[in-house]
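Asks: Sequence:
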Amino acid sequence: MIKSFFAALSFISRLPVPARLSQDLEIEQYQRSIVTFPLVGLLLGAIAGAVALLLQPWCGVPLAALFGVLALALLTGGFHLDGLADTCDGIFSARTRDRMLEIMRDSRLGTHGGLALIFVLVAKVLVVGELLLRDIHPHRSPGGGLRRRSRDGGAADVSSSLCAGKGAGQSVYWQN
Numbered sequence: 059m060i061k062s063f064f065a066a067l068s069f070i071s072r073l074p075v076p077a078r079l080s081q082d083l084e085i086e087q088y089q090r091s092i093v094t095f096p097l098v099g100l101l102l103g104a105i106a107g108a109v110a111l112l113l114q115p116w117c118g119v120p121l122a123a124l125f126g127v128l129a130l131a132l133l134t135g136g137f138h139l140d141g142l143a144d145t146c147d148g149i150f151s152a153r154t155r156d157r158m159l160e161i162m163r164d165s166r167l168g169t170h171g172g173l174a175l176i177f178v179l180v181a182k183v184l185v186v187g188e189l190l191l192r193d194i195h196p197h198r199s200p201g202g203g204l205r206r207r208s209r210d211g212g213a214a215d216v217s218s219s220l221c222a223g224k225g226a227g228q229s230v231y232w233q234n
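The working numbering applies: residue 59 is where the sequence shown begins, and numbers increase by one.
Check before you lean on any hint, since a few could be wrong.
Straight-line C-alpha distance at most 25 Å; calculated SDA-like pairs for lysine to any residue [as the list claims (entries may be wrong)]:
1) 61 / 77
2) 182 / 150
3) 182 / 153
4) 61 / 72
5) 61 / 82
6) 61 / 89
7) 182 / 102
8) 182 / 137
Just so you know, these hints were derived from the structure itself, not from any lab.
Construct the entire structure; sequences and hints are all you get.
Replies: Below you can see the structure in the form of structure tokens.
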């Protein structure tokens with residue numbers, strides 16, 4: 059289970075993980091490590107939240123919220139943001155399915171992907187700022203664990219999802 063956690067951590071984040079803990083696993087071990095995704099999300103969220111909480115007294119709520127969101131993006135290498143932008147570029151292109159997948163594989167950022175990134179990042183900064191203003195911390199809030207719980211079901215969906223790059227890339231390790 060420890061190796062599965064570190065494999066998931068090295069996949070989802072940019073945090074340094076010793077190779078002996080995260081590599082040379084069988085494909086089945088990578089697939090089983092999906093259950094540790096919520097723990098990885100909890101760790102990354104705790105780090106980003108700590109950044110925001112620690113900076114708040116010195117730079118105020120808006121900048122602390124911005125740096126908290128930036129910390130999460132840097133910790134993950136923009137992993138989810140890139141996927142969101144590619145998905146929005148493809149889906150909102152109003153093209154055929156094959157053309158949508160081709161657009162999603164294109165490394166260039168399109169208008170729809172850019173707009174999606176702006177909306178999501180602004181929304182995250184606003185929500186984190188509001189939580190800081192209200193002095194709401196996840197361990198004291200009834201809904202504080204919602205982010206982690208919302209991802210529990212998502213990890214199970216990965217094995218049945220299609221990816222734009224069939225048989226290529228890191229996604230092949232996480233699918234059945």
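Asks: Given the proposed pairing of residue 182 with residue 150, does the C-alpha separation stay at or below 25 Å?
Replies: Within the cut-off at roughly 22 Å; holds.
Asks: For the pair supplied as a hint, residue 182 and residue 153, is the alpha-carbon distance within the 25 Å limit?
Replies: 30 Å, violated
Asks: Within 25 Å, alpha carbon to alpha carbon, are residue 182 and residue 137?
Replies: The hint holds at about 16 Å.
Asks: Is the Cα-Cα distance between residue 61 and residue 77 25 Å or less?
Replies: 10 Å, holds
Asks: Is the Cα-Cα distance between residue 61 and residue 82 25 Å or less?
Replies: 10 Å, holds
Asks: Would you mind confirming whether the straight-line C-alpha gap from residue 182 to residue 102 stays at or under 25 Å?
Replies: 15 Å, holds
Asks: Residue 61 and residue 89 were given as a pair; does the straight-line alpha-carbon distance stay at or below 25 Å?
Replies: 12 Å, holds
Asks: Could you grab the alpha-carbon distance between residue 61 and residue 72 and see if it respects the 25 Å cut-off?
Replies: 16 Å, holds
Figure legend: structure checked against the earlier numbered hints; the only hint not met is number 3.
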